[in-house]
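There are 2 protein chains.
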Amino acid sequence: MPLTYNEYYNERTGLTVGLKKLLFSKQSEYQLVEVFETDSWGNLMTIDGMVMLSEKDEFVYHEMLSHVAMFTHPEPKRILIIGGGDGGTAREVLKHDSVEQVDMVEIDKTVVEASKLYFPGVGDFENPKLNVLYEDGITFVKNIKVPYDVIIIDGSDPVGPAEGLFEKDFYQFCYNALSENGVLTSQTESPWVESYYPSMKKVFHALNDLFPISKMYLSYIPLYPAGMWSMAIASKKKNPLDDKVIDRVAGSKNLLQSLEYYNPDVHSGAFALPNFVRKIIDKE
Amino acid sequence: MPLTYNEYYNERTGLTVGLKKLLFSKQSEYQLVEVFETDSWGNLMTIDGMVMLSEKDEFVYHEMLSHVAMFTHPEPKRILIIGGGDGGTAREVLKHDSVEQVDMVEIDKTVVEASKLYFPGVGDFENPKLNVLYEDGITFVKNIKVPYDVIIIDGSDPVGPAEGLFEKDFYQFCYNALSENGVLTSQTESPWVESYYPSMKKVFHALNDLFPISKMYLSYIPLYPAGMWSMAIASKKKNPLDDKVIDRVAGSKNLLQSLEYYNPDVHSGAFALPNFVRKIIDKE
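If you read the sequences in order, they're chains A and B. Heads up, the first sequence is in our numbering, so the first residue is 13 and it goes up one at a time. Heads up, the second sequence is in our numbering, so the first residue is 13 and it goes up one at a time.
Isolated chain A (complex conformation) (with noise of 0.2 Å):
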């Protein structure tokens, strides 16, 4: 019988990918993070039987995590990221060349080294400026001394060991970890999920009580439920919809040629909420 790897969501609908192998299963403290060889997508990372990545389609993700708030900030130069262990959003963020240090805090070696040994295309991890510390993120947070530029959340589903990462708590310690043009990202799963996975409102209002500036913005990801993804952006003081941010992202065209997703006219339209996406992050 040909194996294929199911993801169900919203009851009984769900994602079918054709696959040719299992490359990689390991059960680690935390999950269970398999890697499979498809069909037609590439390889395939998957955490306790959702997906992570594609080979394929992981640029989507990873470039609309990274840029839209690497490019609000100014001059973004520490970086952290929290999660992020298959370590394309570290590739991406390394892309600007203000950077000098990038922490990726993942609190599993275990998808660190799936990615190395599947993913070679995703992770930057011999660059210089990366340093991987395997903690747990919150922790991590929670006792920062000297603040970042950019905080990118890059959790996996709010069940399981990433669940605090959608809790306003981990915002609050977020804010206080962040510079005075301090901004920060984090994934907020897909609007379609919402009521099976409540994410979109929770962060949302969260960083809207917290920060002077709070939006979401929407990606598209074949590979994710129902394949339109949310993300909230914050900051104390930037707005990424500010026409200064919009003429650093099209003057950057040497970062822009390497990119197949995000550009100018992508930054900005990405703000654009459908009115049914607009009702879920309402205040009541």
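None of these hints come from the bench; they were simulated from the model. Check the hints yourself; a few may be wrong.
The list treats identical chains as one, so a pair stands whether inside a single copy or across any two.
No more than 27 Å apart at the CA atoms, straight line, and that leaves these computed lysine-lysine pairs for DSS-like [to be verified]:
1. Lys213 <-> Lys68
2. Lys154 <-> Lys250
3. Lys291 <-> Lys107
4. Lys265 <-> Lys291
5. Lys121 <-> Lys33
6. Lys89 <-> Lys248
7. Lys214 <-> Lys68
Assemble the complex: chain A is given as a structure, and chain B must be docked to it using the hints.
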């Protein structure tokens, strides 16, 4: 064994939807039309095993296929819909006060029959401005004597009876059948399945050759393959991104209140194409 509906694209990548029961199944002269009651998407219509619409997500496709073109025209009176047998596109078009006549040319009466029975919220078939004709759309367009202000191509996938709706000859007939300020829109499949069902590039280039103005835009439809769906718009004179158009959208408060997806931000934002989508339609 629990019932599921499975649609595969891109080799063995696919969508699974949990079903309660089959409500309708009829092999018409053209295709197999089926309606299922699903777990979480309301009723679902498929044609030859491909999702056409569900009650829960149809608003995205119908709003985005209709209103971008309808607002681009300054005063659309005579509207032609090719296909669109479920009635959802006509329902959206009829929300515009300027509309005097909507001719909907659907080749397959079975689609209308299934919609009337199982999608009571989708069609507005009793509206006196709506004129349903059961004819071949291509032959109809070839013989048009009185021009239309807006033509909307709401066909199914480019296999089976809708295949001709992706050909340049057809768009030449449409051009001839449009009034001076005429606007045309067509659904052009997902950029993620372009290599399997070439549609976007073919239609965009046909429109680009024929019309002074042609653009592609995107929306997110959870039950369509990969979620990211493209549509093409072309016109003789009117640019969908003109300030006058955006003002017209923003000023239509009553109409906008009835919508779940489309709004002025979405109108503009939908035209922001990711780099990999731009590459698909770039002339070579």
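Each hint, compared with the structure:
1. Lys213 <-> Lys68: Classified as between: cross-chain Cα gap 20 Å, same-chain 30 Å, threshold 27 Å.
2. Lys154 <-> Lys250: For Lys154 and Lys250, the Cα distance is within 27 Å only inside one copy (23 Å; across copies 55 Å).
3. Lys291 <-> Lys107: Result: close only across copies, 22 Å inter versus 35 Å intra.
4. Lys265 <-> Lys291: between (36 Å within a copy, 17 Å between copies)
5. Lys121 <-> Lys33: within (23 Å within a copy, 45 Å between copies)
6. Lys89 <-> Lys248: within (16 Å within a copy, 49 Å between copies)
7. Lys214 <-> Lys68: between (30 Å within a copy, 23 Å between copies)
In terms of the numbered hints stated before, the structure departs from none.
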